[in-house]
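*Asks:* Here is how the chains run, residue by residue.
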Amino acid sequence: MNPTRHYNATSSLERKLTGIRNLHSWLLSAPSLIWLVLFFTLPYLIIIIYSLLVPDIYEVKFVFSLNAYKEILSGTYFKPIFLALRLALMTTLLCLLLGYPVAYFIARSQEKIKNILIVLIIIPFWTNFIIRIFSWRIFLSSHGVMNEVLLGLNLISQPLEIIRTDWAVIIVMVYVYLPYMILPLYSVIEKLDFTLLDAANDLGASDRTAFFRITLPLSREGIFAGSLLVFIPALGAYIVPQLMGNQNSLYIGQIITYKIKNIPRNWPIASALSLLILVCIAVILLAGFYIYQKRRIRKVDEAR
Amino acid sequence: MEEIRIEHLTKSFDGFIAVNDVSLVIQPGELFSFLGPSGCGKTTLLRMIAGFETPLTGRILLGNHDITQLPPYKRQVNTIFQNYSLFPHMTVFENVAFALRIRKLPQSEIDSRVREMLQLVKMEDQASKYPNTISGGQKQRVAIARALINKPKVLLLDEPLAALDLKLRQHMLIELMNIHDAVGITFIYVTHDQSEAMSISDRVAVMNHGNIIQSSPADDIYERPNSIFSAYFIGETNLLSAEVTSIEENYVGLKCYSGPGESFEIDSTFHFRPEIGQKLTVSLRPEKIGLSRTKPRNQDDFNIIRGVIEDILYVGTHTQYIVKVGNLKFRVFNQHKRVYFDDAAPDWEEPVWLFWHDTDSWLIDEEAPAGMDAGDLNVFERPIQMSRGMKRSQKQE
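Residue numbers (our numbering), protein chains in the order written: chain A, 1 to 304; chain B, 1 to 397.
The shape of chain B in the complex, shown without the other chains (with noise of 0.2 Å):
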């Protein structure tokens, strides 16, 4: 077993810079995730592993090789394409039995070794279809046994999963991960789809604008994000523009913006430690915050603040409400223990409370972008003024 190590990869399209001195080392055996918007680099970091194409600065090294210059089919890499790519002119079994054909292998050897492949997703009895003669999550198992059968080091999976409906999805993700289970080998795997991402990998590397902004397990990435864009991109969030006005051993306090010249007090833990003044951003997950009509008895460590229910959005796991306060609006997410807090509907306009724990708020330091309210987040929507945000924050690392 050998990992994969990349070393400061650079890749450029007519000057568009795809990806950006991107370093990095992923662990045998590890199902890593590449996550983000499309046009973040991802997919072209995966086919300059594949071979597909060449880095204009930086290295690739599997083991202790440098496989930077090797033509794909030189390397002990395969890929599983996002439609597929089975060979229309050939049944399943040739599809499979492709790459040891080209090595040339005894009929005896191919036969048994495509039986064991097809068995392993469970695609045995439809060896001598065609590929248009098969269903999507079909062909999705030819793909991935066509792509095993080389015994490869490293699976690299582009999108596998984009072109099926959502029930398929979710059952090839368990297969996919039962898959990497009986092989053990390293798949690489890159999607937008943050939930297939969160929870099929050992780590997730967060991407855009070609830099990895944070490469963690899913855990730490939801809970813990390093930068604005981590806490944005991964579930939702609630980003508050705040600056330090007190620091204690455990808290520090916090003035948060609300409106022009409008502001509320809240303390947070902290994990890195800020100077009094400074300006930071808190990102506080809406299923964190609670929701009531009767203000919370006053605990020391809780912050509660009132705010005016703007929109009520009910989806079946869950009450999604909006709440203003001041010029923020807050996504609080209610789960139905009871349908209703204080089992009664809450109403449109109606004022409520929040609060939230201390240690449930997240401070990241990182100035917030001029004009970002809670919830409207539609600075995002502008990505120049986003990668000069991360231009900033990675000077800071």
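So that you can see chain A by itself, here it is in the shape it has in the complex (with noise of 0.2 Å):
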């Protein structure tokens, strides 16, 4: 038989196949592109829209004009934006910090605990989002069960204003936000091999090295994903700092909830400040992955 021809029969069924095998995958991921396209990309593309047309009192006037981003960076916006993005950050590294040593316990517990634990961890889910709000607001005011206790065992001789206060906001914040930080966290750590901690001991470095050196550079894909699972949510956080901070420290998600709250109604405004969140998420986003990316090659670079 002709070695060529053998050659292109297998070729052309093997491309027959790959177009079968590309129509399976197309079909398959079908429901979700279509919902993707319906819930995701088109309602970006009216924002953007909306972005580019001039206000009216309760809609928009279908005229061209670029004013909403002039108004942005005239920097009105300027500090609702750095509130935002320092709460963010706050909140996430908190929720870091805090979390990595539940996440690693959990973990490392037994197979019984475990289960009761992340258990444990889910259970404030159950209870409604704004009820847990309101008990916090009881809880840290001033005549709440916090500042009562203090002040009953003598060690505050004030009432500590904690209660609408950028602190309160990041209390609060932190304290719904840290189950999205701990699930993935657990998740990877608990996939670590825990032998790898004795090589480290065993190669000559002390436990703390052993951490910096194995753990942490193993659950980097979890650090990844909890932060991303709370700084993005934490960025556009409206709920929490309506509701535990204060009129004189506005952050961005309350900006853009009064700009179509409040009459006249902004909806170009509102829309440009939506769209400058997602640039924000954006931006750090690709800086986060070009990091990562950089660091792996150069380790590459050097072992050659």
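Wrong hints could be hidden among the right ones.
Unchecked claim - What follows is a list of derived Cβ distance ranges for each label pair:
1) A/Asn22 with B/Phe16: 53 to 61 Å
2) A/Lys114 with B/Gly136: 26 to 34 Å
3) B/Phe16 with A/Gln158: 54 to 62 Å
4) A/Gln293 with B/Gly136: 26 to 34 Å
If you are wondering where the hints come from, they were derived from the structure by calculation, not from laboratory data.
The beta-carbon is built from N, C-alpha and C at its ideal position, and this holds for glycine as well.
Bring the two chains, given one by one in their own frames, into a single complex with the hints.
*Replies:* Structure, rendered in structure tokens:
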């Protein structure tokens, strides 16, 4: 048999098979693709269009304008954006610092206890979000449980004025988002091969060094996932700052809401600000990804 | 070069005694193996030497230094782990360099020493690969390089070849011996594979239930087992329950029980002085027994008994015969100088003669457990009974 013909025959068969496989994967991913286009891409297109229009009392005038963007560039909204970035960053960092030891502890617990602890982490979700935040208001208020106890113990002479400060916002944000940090961290640490720590110890690394050189780098994906799950929603946070914060430090999420809620409404500026949040997240994500990739490449180079 | 001295080491987990009052000296530069069934305490012993477990009592000395309480990272002892435990987020180079990075050595020194190590294990062209992209044998080499780079005084190997296939295992075994010769430090090797332990080691310690049963060179353990456990665990053997009937200058006369009220007489040389009437166990290796259709000419120093072939297993290098003598089932290995003895294929149920020299049997100063038949060693499937037997034998020593 002619070897070339034989080769051609297989390759054409292979091409057909690949075609069928491609069709299969398209069909399988169709539902989620349609869902994404309908409820993600289209809404964003609408937001982009609205950001380029002129506001009216209730709706918009369909006239092209860049006024919304000019207003943003004028600096009026720099403070709420800065506040939101600071809040998101602090929340992420605190969640990481508080969540990592918890995730580590759960991952290293016995099989039976593990599941109980995971359920305990999830249980707060069963109570309504707003109710949980309101109970924090009561707990932190001037005559709330916390202040009464501290006063009663003579640890403080004046009630601590935490409620309606940026600190109150951060405390509750950390409380709300902590599980989103713990769960991805747990799933990564749980898969970690702990004999690697024995190996590191054996090679001269103290427990501390082994943690920083082995455990931490190997849980990087969990840190990344957890940080995203906390940072992204925290950047646009509305309810927590609204219920725990004060009118002097408004966050970007609150501003967007006011622009739509209060009359005269300003859809274009609200849309433009929403897009700004999106851009912030995209920039931070890409930067993080870029650093991650670069470090990996550099390490390979070093080894050569 | 320093010796390792283990003194009265005991370790228990939740009341289960894993290592029971073990004392031992391992010579500098020795290749020493711990061999035993799973759960015999060999890995626990190794982990105590490495520093991952703290003993309940006893001491471990490296030269003159008591290292019992030192954490693993302060001991000049390195380990090769069962599944290699290479760091997945580091390249081969970085894995090997790890110990030097911890010590913050200058980059130039790290480079040259890592290169040197990778050359030793023939992995210099794989330095930039990640562990999940190399084969099992290559991972093994990286693990060896990583453990040796810190110039430890002792290298511990925890079942290092268990994850490799047979051919690669044999190859790596020779390589390990070469590396041992090249670096000249003490290797302590833990395995449940007796052929590995026997072929690689200067000395082998046979372990069971947390005790060292026997520690001697491989040929000693095989030819001169000190206990029923050693004889049974290493290689294959026929164990006969016997009673001493006469004592001559060079041999003893023995009555071997082959069933209720049945027995046959044999002679055997001895290495300890038994008493008349004493019950003991005879170990007779299957390859030392001859098999014949015609009765061998009567010679004074040969034992000749009659049996019936029950099973024939052809295994290439030799054929295994199961021969029934009374209730006993003798294992006999017949090597293929000729495929079949007397040039004709033996048949099932065929009566044959078994014969062996007086010096081929080995006496064990230990009474055989009740119900033990030659070849039918299911008494050893009951470990509790075995452990009682072991304790009795230890008291006698």
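*Asks:* Each hint: holds or not?
*Replies:* How the hints compare with the structure:
no., hint, verdict
1, A/Asn22 with B/Phe16: 53 to 61 Å, "holds (58 Å)"
2, A/Lys114 with B/Gly136: 26 to 34 Å, "holds (31 Å)"
3, B/Phe16 with A/Gln158: 54 to 62 Å, "holds (59 Å)"
4, A/Gln293 with B/Gly136: 26 to 34 Å, "holds (29 Å)"
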